[in-house]
Amino acid sequence: MKDQRPEVEVDGDCQQASMQRYTAVWIVVCLVLLQSGFAMIHFLTWLLHSYGRWSVIFDSPSRVALWSTTIVWSMVSLISVSLISMGHRVGRSLYTCGATVWGLSIFVLAPWPLALSGTILPLLVLSMLYGRGTRQYLKDGVVLACERDTTKRGTIAGALWIFAAVYFYAVFFLQLTNKGWLADITNGPQRLWVVLAMPAIPLIAVRATRKGARQWCLGLFLFVSGLSAFFVLLGYVPYSRALVGALGPGYVGYAVPWAGATMWVGCLLLLGGTLILVFRPGKRNTRADRWAID
Numbered sequence: 001m002k003d004q005r006p007e008v009e010v011d012g013d014c015q016q017a018s019m020q021r022y023t024a025v026w027i028v029v030c031l032v033l034l035q036s037g038f039a040m041i042h043f044l045t046w047l048l049h050s051y052g053r054w055s056v057i058f059d060s061p062s063r064v065a066l067w068s069t070t071i072v073w074s075m076v077s078l079i080s081v082s083l084i085s086m087g088h089r090v091g092r093s094l095y096t097c098g099a100t101v102w103g104l105s106i107f108v109l110a111p112w113p114l115a116l117s118g119t120i121l122p123l124l125v126l127s128m129l130y131g132r133g134t135r136q137y138l139k140d141g142v143v144l145a146c147e148r149d150t151t152k153r154g155t156i157a158g159a160l161w162i163f164a165a166v167y168f169y170a171v172f173f174l175q176l177t178n179k180g181w182l183a184d185i186t187n188g189p190q191r192l193w194v195v196l197a198m199p200a201i202p203l204i205a206v207r208a209t210r211k212g213a214r215q216w217c218l219g220l221f222l223f224v225s226g227l228s229a230f231f232v233l234l235g236y237v238p239y240s241r242a243l244v245g246a247l248g249p250g251y252v253g254y255a256v257p258w259a260g261a262t263m264w265v266g267c268l269l270l271l272g273g274t275l276i277l278v279f280r281p282g283k284r285n286t287r288a289d290r291w292a293i294d
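The opening position of the sequence shown corresponds to residue 1 in this note's numbering, with each subsequent residue numbered one higher.
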């Protein structure tokens, strides 16, 4: 049966309010896109670096199965949240099925500390996808009509925010592990400039964003960056010196700067969360027009 959706007039205020109204949905979408996209990039980069040792690496069927499952799950995540962002309910169902298969598979194929750290994010995302805000988002035709700013300025601002999120994630991963694609294209002196350029990129994106949405967009960017960095840290907890022994033979520990990284994550989450809460719209009295982020 064809989905009937109301026709509405679209203006700038509607575009801004519709995005802010469903902040939690956009946090989930941006976070999953960032995490899944980088998971695939890191895997491809690792394959290229290990070109001469493929015969040894792929000698373990269980490890090959784990990597294959991870890549498929990353692709499913990307597709599902893209569908959710466009208002398609099938995206939520696809993510639910993929997360279920992924959770069962990783507990079979990986040591339990790795499996536990790898299932926390999907569980959190699922709890958000079945919350009131997401349910309303998936059936609210007004959002689909007025949420997208397709003007030249809106497109440029969106591209700048995407670049800023990718840049912050890549720099954090570089500083944390000294690995990743950014580590491959920079040396010591260049990395200093890479870090120093971090504040300038979101400021340029803020400048390109329309007035009235700048603070909220900055808050969303900082909060998503903080969450993505938090889950990167969470993924390295099993590799800490205290827990790496529980993973079994073949696993080595990583010396991660936990104090500095944790402080960075906390600052991003605190500042981003404050901006989101302060600059989101207030609640309306009508039942059909709740301004909630959950």
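Treat the hints with caution; some may be incorrect.
[What the hints assert, rightly or not] List of simulated lysine-lysine pairs, DSBU-like, C-alpha gap at most 35 Å: (1) 211 / 152; (2) 211 / 139; (3) 152 / 139.
[To be verified] Between beta-carbon pairs, the in silico distance windows are: (4) 255 / 188: 12 to 22 Å; (5) 234 / 89: 28 to 38 Å; (6) 42 / 241: 50 to 60 Å; (7) 89 / 192: 42 to 52 Å; (8) 75 / 192: 14 to 24 Å; (9) 150 / 203: 33 to 43 Å; (10) 79 / 124: 18 to 28 Å; (11) 49 / 82: 23 to 33 Å.
Note that these hints are calculated values from the structure, not bench results. Even for Gly, the Cβ is constructed at its ideal location relative to N, Cα and C.
We went through each hint and held it up to the structure:
As the CA atoms of residue 211 and residue 152 are separated by approximately 15 Å, the hinted pair is consistent with the 35 Å bound. Between the alpha carbons of residue 211 and residue 139 the distance comes to roughly 28 Å, so the proposed pair stays at or under 35 Å and holds. Distance hint between residue 152 and residue 139 is fulfilled; the C-alpha atoms sit about 28 Å from each other, no more than 35 Å. At about 18 Å, the beta-carbon gap between residue 255 and residue 188 stays in the expected band of 12 to 22 Å.
Restraint check, residue 234 to residue 89: a C-beta distance of roughly 29 Å satisfies the suggested window 28 to 38 Å. Remark: the range hint 50 to 60 Å for residue 42 to residue 241 is contradicted by a beta-carbon distance near 22 Å. The given range of 42 to 52 Å is respected by residue 89 and residue 192, whose C-beta atoms sit roughly 47 Å from each other. Range check, residue 75 to residue 192: about 35 Å between beta-carbon atoms, so the 14 to 24 Å window is missed.
A hinted range of 33 to 43 Å is violated for the C-beta pair residue 150 and residue 203, which are about 24 Å apart. Taken as a hint, the range 18 to 28 Å holds for the pair residue 79 and residue 124, whose Cβ atoms sit roughly 19 Å apart. A beta carbon spacing of about 29 Å between residue 49 and residue 82 agrees with the range 23 to 33 Å that was offered as a hint.
In summary, the numbered hints that this structure violates are 6, 8, 9.
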